[in-house]
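Engineer: So the protein sequences, as listed, match chains A and B. Every position in the first sequence, counted from 1, becomes a number in this note's numbering once 30 is added. Every position in the second sequence, counted from 1, becomes a number in this note's numbering once 4 is added.
These are calculated hints, taken from the structure and not from any lab test. Treat the hints with care, as some may be off.
Which chain B residues face chain A? A few, computed with CB under 10 Å, are given here [to be verified]: (1) Ser6; (2) Pro167; (3) Glu215; (4) Ala269; (5) Gly282; (6) Arg286; (7) Thr313; (8) Ile315; (9) Pro318; (10) Thr319; (11) Pro326.
Sample of chain B residues lacking proximity to chain A, with all beta carbon distances greater than 10 Å (derived) [as the list claims (entries may be wrong)]: (12) Lys14; (13) Gly15; (14) Ala87; (15) Asp96; (16) Phe156; (17) Arg199; (18) Glu228; (19) Leu270; (20) Gly281; (21) Pro290; (22) His298; (23) Arg301; (24) Glu327; (25) Asp340.
Restraint-style ranges between C-beta atoms, simulated for each label pair [to be verified]: (26) B:Gly316 <-> A:Glu315: 56 to 64 Å; (27) B:Glu321 <-> A:Gln285: 45 to 53 Å; (28) A:Asp108 <-> B:Ala307: 38 to 46 Å; (29) A:Ala458 <-> B:Pro326: 54 to 62 Å; (30) A:Gly116 <-> B:Gly233: 55 to 63 Å; (31) A:Ala458 <-> B:Gly281: 25 to 33 Å; (32) B:Arg245 <-> A:Arg282: 31 to 39 Å; (33) B:Arg296 <-> A:Asp93: 40 to 48 Å; (34) A:Gln285 <-> B:Pro204: 49 to 57 Å; (35) A:Thr275 <-> B:Arg149: 47 to 55 Å; (36) B:Pro326 <-> A:Asp93: 44 to 52 Å; (37) B:Lys63 <-> A:Gly116: 53 to 61 Å.
In this text the structure is predicted, and so the values were computed from the model without any measurement. Every residue, glycine too, gets a C-beta built ideally from N, C-alpha and C.
Here is what each chain is made of, one letter per residue.
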Amino acid sequence: MTSDDTTLDDSAPRLEVDALLDDPRTRIVVCCGSGGVGKTTTAAALGVRAAERGRKVVVLTIDPARRLAQSMGISELDNVPRRVKGVDEAAGGELHAMMLDMKRTFDEIVEGHADADRARAILENPFYQSLSAGFAGTQEYMAMEKLGQLRASNEWDLIVVDTPPSRSALDFLDAPKRLGSFLDGKFIRVLMAPAKVGGRAGMKFLNVGMSMMTGTLSKLMGGQLLRDVQTFVAAMDTMFGGFRTRADATYRLLQAPGTAFLVVAAPERDALREAAYFVERLAAEQMPLAGLVLNRVHGSGAAQLSAERALAAAETLGEGLAEDDGAEGVHTENNLEPTGIVDLDGGKDASGTAGGLSPAAAADPAAPTSASAAQLAAGLLRLHAERMQVLARERRTRDRFTALHPEVPVTEVAALPGDVHDLAGLRAIGDRLALNGATTDRDTDD
Amino acid sequence: MSRLHVVSGKGGTGKTTVAAALALALATEGRRTLLVEVEGRQGIAQLFETEALPYEERKIAVGPASEGASRSDSVRGGGGRRAGEVHALAIDAERALLDYLQMFYKLGSAGRALKKLGAIDFATTIAPGLRDVLLTGKACEAVRRKDKQGRFVYDAVVMDAPPTGRITRFLNVNDEVAGLAKIGPIHNQAQAVMRVLKSPETAVHLVTLLEEMPVQETADGVAELRAAGLPVGGIVINMTRPALLDNGDLDLLAARGARAGVAKALSQAGLGGARRGGLADRLIDPLLEQAREHAERVELERAEHGELTAIGLPTYELELLPEGVDLAGLYQLARDLRKQGPI
């Protein structure tokens, strides 16, 4: 493998994040991808960057890590966007952020669409309570609902949305439709008024079937649950059309030209497989894909040195140390002997495992002996070999994606050693998003 | 010892891999393990490199050969040398409901009619509680199933469960369903399932990485599970990496003369000239930068490790497989788990 294998190539078009954020026509950015790839952090970083570049932004997050939420001042679930302090507003932008409260959002829809008595009847219904707190698609539906509301208010010129941590990244596209079809579906209608379904000829048969069915359901769920469902459906009846209309409106909003989807992934097999699937799905749904954000990509400033050579060199150094093992009482100067590896701290250093130094050596912060220098060098080389292997692996995974979807623009975000939980960290991520892998600490040899 | 192992973890921590490795680890010396999947992702089939799993239990692997054959507690008796078996099942809530209706109500064609009308879809999506009762119910049934001789059909059942954020809700079906179905078979089913889930027969294991968010979620998850009275098993720290350098080494590297020494060593190892601007010398800055990043990560991991230890549960560690998890890697992980004692 040549060192070229580990450098960025240009086979995939580059995603220009700043151009996307600066374009006043971009009104909605949706970050989607599988769990654990840094979607929420990406959304927050995009929000900070866009705001500091002069846009009035709101970030809608679904389930942020606690410290990230705290850093943006949205640790309370009040379902209202709050202004984030500490953002540089010199360019005329603002950053607002909110965390979705799905039950509250659902309640608000009910309250907004039914008179007070009817709303209360719905909100108190146990079936509604279960549906609003935990229906498999409620979170996704409410995220889209909230997005629609934020967009309709026209208070922000850019909305960045983080999608829910679904079992599959596609759930949020399907959920609104599923909830919509569920709520005004055939079966609910049947439960309500069996006689209305089917033509005259089918009526008798259907009614027999229906009474058997409601009987079965009643047996299965318990009569009380069935009654709750029926009461709920009766109370919600006037709102059903509304649900379908809203779901359709949100869906169209997502297809609109002002919307940009960013698929977020990490350079790992499963995450990129999911990302590829998602790209295909977005195309099928005619949703505008802006590109792929590849998070946590590793780089190396010494990519010219291959893993194999680094390991071989580390071994050479190790052999030199082993030969010297057992040398006793050699006086050690702080400066290095020009003749090479002869001086040793009683042979102790050399017996340590590669890279890990003996306590005696570590306790003395003075310059290392040449033996410990060799050992340090061997450790650095092993570390480098590991890094180069990571690079090669990440590159292979990425290439697989690029081969499948050469048309998708990509931006690579260099890995940070730690987690991000303050605005400075988000800013750093934003820089990396915009730099697109062209950071100073990688690939200097091409 | 637990017979139902529920494996959860934050997304991206590798819970499916750990569940599969655990199932393999438990399938030794003639033991039979059932590995169940509840989220319809076919992750198990991918791991075991087989085609998509249908809704039926089928054998997908034999357990690893036992090392030393020192365990005499083989349930199936015999020579103790017999390989165990891993069976797998992808549970589908709709199919489980139809089975259930068939079993208890002999629905036959009416079941199909219900399905056609969307009733099954309705019933399984109506409330997560109902769906979850069906999924956990099927797993609990497998745990309790006995053959004609009255022996358990499976010595252990391992469930690749929903992620940490949802696990307590998922398992705590009783609370979920109680609000909806106060009487009737679903109510009874939920009660029966809860009895198994809250018994010492069950252990919920959480998979984590040595990173801040997964560790935080693990701590929160353990607290939630405990509050719900669900038995927590162990914490599996996945994808650990060896520390090649630490802060002590960094101190040495910072010392006067270290740079020249390292450059010289690199040069001696054949990596170019050690003089300023030489090939070896030019390697030093990037290598040092990598070392600093590495040391920072090692520090962070140490802190996260401390957080995990403070939870006070047994921990198990699985090293990162640099080339990703293939079938051989899965067996390796199973052996590593077994070496760390019973889980």
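Engineer: For each hint, tell me whether it holds in the structure or not.
Structural biologist: For each hint, the structure was consulted:
1. Interface hint at Ser6 (chain B): violated, since its Cβ lies 25 Å from the closest Cβ of chain A, which is beyond the 10 Å cut-off.
2. Using the Cβ-Cβ criterion of 10 Å, the hint placing Pro167 (chain B) at the interface with chain A is satisfied: the shortest such distance is roughly 7 Å.
3. Look at Glu215 (chain B): its Cβ gets to within about 6 Å of chain A, closer than 10 Å, so that hint holds up.
4. Hint on Ala269 (chain B) holds. Least Cβ distance to chain A is approximately 4 Å, under the 10 Å limit.
5. This hint is violated: Gly282 (chain B) has a C-beta 13 Å from the nearest C-beta of chain A, more than the 10 Å allowed.
6. Annotation: interface hint on Arg286 (chain B) holds; nearest CB of chain A at approximately 8 Å, less than 10 Å.
7. The beta carbon of Thr313 (chain B) is not positioned within 10 Å of any beta carbon in chain A (closest approach about 19 Å), and the interface hint is therefore violated.
8. A hinted interface residue such as Ile315 (chain B) counts as satisfied when its beta carbon comes closer than 10 Å to some beta carbon of chain A; here the least separation is about 17 Å, so the hint is violated.
9. A least Cβ separation of about 24 Å between Pro318 (chain B) and chain A goes past the 10 Å threshold, and the interface hint is therefore violated.
10. Here the hint on Thr319 (chain B) is broken, as its CB sits about 20 Å from the closest CB of chain A, past 10 Å.
11. The beta carbon of Pro326 (chain B) comes within 6 Å of a beta carbon in chain A, closer than 10 Å, and the hint placing it at the interface holds.
12. Not every Cβ of chain A is farther than 10 Å from the Cβ of Lys14 (chain B); the closest lies at roughly 6 Å, contradicting the non-interface assignment.
13. Not every CB of chain A is more than 10 Å from the CB of Gly15 (chain B) (nearest about 2 Å), against its label as outside the interface.
14. For Ala87 (chain B), the condition that its CB be more than 10 Å from all CB atoms of chain A holds, with the nearest at approximately 29 Å.
15. The Cβ of Asp96 (chain B) lies farther than 10 Å from every Cβ of chain A, with a closest approach of about 14 Å, so its non-interface assignment holds.
16. Non-interface status of Phe156 (chain B) relative to chain A is upheld: no Cβ of that chain comes within 10 Å, the nearest being about 29 Å off.
17. Once the 10 Å rule is applied to beta carbons, Arg199 (chain B) is consistent with being away from chain A; the minimum gap is 19 Å.
18. No Cβ of chain A approaches the Cβ of Glu228 (chain B) within 10 Å, the least distance being about 14 Å, so the stated non-interface status holds.
19. With a least CB separation of 5 Å from chain A, Leu270 (chain B) falls inside the 10 Å interface cut-off, contrary to its annotation.
20. With a closest Cβ-Cβ approach of about 15 Å to chain A, Gly281 (chain B) is found to remain outside the 10 Å limit, as its non-interface label requires.
21. Not every beta carbon of chain A lies more than 10 Å from that of Pro290 (chain B), the smallest distance being close to 3 Å; the non-interface claim is violated.
22. Listed as outside the interface, His298 (chain B) is inconsistent with that label: its C-beta sits roughly 6 Å from the nearest C-beta of chain A, within the 10 Å cut-off.
23. A beta-carbon of chain A is positioned within 10 Å of the beta-carbon of Arg301 (chain B); the least distance is around 5 Å.
24. With a minimum CB-CB distance of about 7 Å to chain A, Glu327 (chain B) fails to clear the 10 Å threshold, and the non-interface call is violated.
25. Annotated as non-interface, Asp340 (chain B) keeps its C-beta farther than 10 Å from every C-beta of chain A; the closest such distance is 19 Å.
26. Look at Gly316 (chain B) against Glu315 (chain A): about 48 Å separates their beta carbons, and that is not inside 56 to 64 Å.
27. Checking the proposed 45 to 53 Å range against Glu321 (chain B) and Gln285 (chain A) shows it holds: the Cβ atoms sit about 47 Å from each other.
28. Take Asp108 (chain A) and Ala307 (chain B): their Cβ atoms lie about 32 Å apart, and the range 38 to 46 Å is violated.
29. Look at Ala458 (chain A) against Pro326 (chain B): about 27 Å separates their beta carbons, and that is not inside 54 to 62 Å.
30. Checked against the hint of 55 to 63 Å, the pair Gly116 (chain A) and Gly233 (chain B) fails, with Cβ atoms roughly 42 Å apart.
31. For the hinted restraint 25 to 33 Å between Ala458 (chain A) and Gly281 (chain B), the CB-CB distance of approximately 31 Å keeps it satisfied.
32. About 47 Å separates the C-beta atoms of Arg245 (chain B) and Arg282 (chain A), a value inconsistent with the hinted range of 31 to 39 Å.
33. A beta carbon spacing of about 33 Å between Arg296 (chain B) and Asp93 (chain A) contradicts the range 40 to 48 Å that was offered as a hint.
34. Range check, Gln285 (chain A) to Pro204 (chain B): Cβ separation about 53 Å, and the 49 to 57 Å hint holds.
35. Between Thr275 (chain A) and Arg149 (chain B) the beta carbon distance is about 49 Å. The supplied range of 47 to 55 Å therefore holds.
36. The given range of 44 to 52 Å is broken by Pro326 (chain B) and Asp93 (chain A), whose C-beta atoms sit roughly 31 Å from each other.
37. At about 58 Å, the CB distance of Lys63 (chain B) to Gly116 (chain A) agrees with the hint of 53 to 61 Å.
Comparing the model with each numbered hint stated earlier shows that hints 1, 5, 7, 8, 9, 10, 12, 13, 19, 21, 22, 23, 24, 26, 28, 29, 30, 32, 33 and 36 do not hold.
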